[in-house]
Each structure stands twice: as C-alpha cells, then as structure tokens.
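Q: In numbering that gives the first Met the number 0, the protein residues as written are 0 to 254.
Be a bit skeptical, because a hint or two may be false.
Within a straight-line C-alpha distance of at most 16 Å, the following computed EDC-like cross-link-like pairs (lysine to aspartate or glutamate) qualify [claimed, not checked]:
id: 1; residue 1: K11; residue 2: D38
id: 2; residue 1: K184; residue 2: D234
id: 3; residue 1: K11; residue 2: E222
id: 4; residue 1: K11; residue 2: D45
Derived CB-CB ranges, DEER-like [claimed, not checked]:
id: 5; residue 1: S227; residue 2: A180; range: 20 to 26 Å
id: 6; residue 1: L18; residue 2: Q121; range: 23 to 29 Å
id: 7; residue 1: P158; residue 2: L189; range: 37 to 43 Å
id: 8; residue 1: S227; residue 2: A24; range: 15 to 21 Å
id: 9; residue 1: Q121; residue 2: Q58; range: 35 to 41 Å
id: 10; residue 1: A24; residue 2: G112; range: 23 to 29 Å
If you're looking for bench data, these hints aren't it; they were derived computationally from the structure.
Keep in mind it's a predicted model, so treat the numbers as computed, not measured.
C-beta atoms are modelled at their ideal positions from N, C-alpha and C, and glycine is treated no differently.
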Amino acid sequence: MRIASWNVNSLKVRLPQVLSWCETAAPDVLALQETKLTDENFPLLDIEAAGYRAAYSGQKTYNGVALLARAPLSDIVTDIPGLDDPQRRILAATVGDDLRVINLYVVNGQAVGTEKYHYKLQWLEQVRAFVANQLQAFPRLVVLGDFNIAPEDRDVHDPVAWNGQILCSDMERQAFRALLALGLKDSFRLFEQPQDSFSWWDYRAAGFRRNRGLRIDHILLSEPMVRSCTRSWIDRDPRGWERPSDHAPVLVDLA
DNA sequence: ATGGCAGGCTATGCCTGA
C-alpha cells in the first residue's frame, strides 16, 4: 500500500500532472492540498477514469483539499468539530475497512506575530484535539499533508536565515511536536535520508535548481502503521517538470 | 543588498503563498 501527499497549487492547472504522476507512482491513496476549486468544479470524471474514487472539500481561489483512493472512502469529515471555519483545510476519511486518513492543509501564517500566525496556532491546537479523538476510534491512522512547518533545522536549507521565521518558529515546531506526542511518528525520519531533503522550493531565485528548500510536507503514522512502514521518501521529479507546483509529492510504502 | 515566481480574480493591479 502506497500513500502520498502533494500540494498541487491549483488542481485545475496541475490535473494533467496529477494524472500522469498517478500512472507512474501508482499511489493507492493520494492527499491533495491547494486544489483552489469549488466542489462543483472538481474534476471527478477524470479522476474516476484514472481508477480513483475521490472526496473533496474546496472553495474558490484559496485552500481546498481532496483525497483520492483506489478503495472506497467513508465517514468523511470536512470540518473540525466545534470549529466554525469557512477555510477548506481538512478532510478526514476511512479508506477501505479501517485505514483512517486525515488530510491537512495547515494555515501558512504569513509572518510571526500576525493575526494569521495566531490563527495558525489556534487552528493547529484544534487539529491536535481532533487527531487525539480520531486516534481513540481509529488505531490505523495517517495524518498527512502540507503542514507549513519545518520541524527541525535539518529540514531547512539555510537555518540561520530562517531562524525564528514563519514555518520555523518555536511555537510552530512545538505544535508539530504536540501532534507527534499523541503517538504519531514522522515517517520520513524512520529511515536514513539524504542530506538537504526538502519538499518545497520557492519559485523565485531558482530555488529548486539551487536546492534552497524546506521540508514542510509530512506523513505522520500511528504506531501500528509505523510497524508496517517499509519506505518513506520525497519524489523530486515533478518539481522539475514544465509549469510545476512549488511542492513535490511525499510518499510512504506500507507492507 | 534586494527581490526574484505563480495562480486566481465579475482582474487588467492586488492578494496570497511559504
């Protein structure tokens, strides 16, 4: 079983890339972020033609999440209980019998100390409570997506320049660790990885060519999933394609 | 040193992203 996450920065623009990538990478589950599509504009027929079922929660212009899967999707949740939020950033679903998947597009936060930054931290706290609740009901849990947090300095191309900045601040990293403390592991760090492994590179200043990036897209696994995880990696290839998303897909294989 | 690109919009410059 292969599970992947990819911030596509507009599914309308990136649909051909998503379909092409699915053919070669063959994920069984693919979580998408920043679809930037209302639900009536979701390309369901194209995705079904590629052999996937889909659940989606989108809005115009911003945000938007979707879950593609070979197996049936059930018990779909698109709002954090108790959080009245028009921004479409979360989609939880059960894939097949008992695999619970929570797809997140975490708030960016813009800059430390801003209103958006505080919204990010509050949102993450609500997510933490929701994940804690979901873990009780679903031992086989995957929490994945664009976290907009580089958990450690080794996830940052220039830790000095980024020190304390948005995506790298102590409070954000603390919020990330609070998720892990529920009993989840960052799948990427279960294995030895190449130095300077990143999942996002700025469009500007030849960020990708110079590998000036951050690792901000993650796949967190509950303990039973950790035991069956055989591989975790970042597929840099699509970032080098024509008209790419600024994020690369991240993946895990489960035995 | 600075800013640089990309997507979307009842657009034609501005907001957001990270």
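Q: Indicate, hint by hint, whether the structure satisfies it.
A: Results of checking the hints against the structure:
no.: 1; hint: K11 - D38; result: 12 Å, holds
no.: 2; hint: K184 - D234; result: 20 Å, violated
no.: 3; hint: K11 - E222; result: 36 Å, violated
no.: 4; hint: K11 - D45; result: 11 Å, holds
no.: 5; hint: S227 - A180: 20 to 26 Å; result: 22 Å, holds
no.: 6; hint: L18 - Q121: 23 to 29 Å; result: 36 Å, violated
no.: 7; hint: P158 - L189: 37 to 43 Å; result: 22 Å, violated
no.: 8; hint: S227 - A24: 15 to 21 Å; result: 19 Å, holds
no.: 9; hint: Q121 - Q58: 35 to 41 Å; result: 19 Å, violated
no.: 10; hint: A24 - G112: 23 to 29 Å; result: 39 Å, violated
Violated hints for the displayed structure, listed by number in ascending order: 2, 3, 6, 7, 9 and 10.
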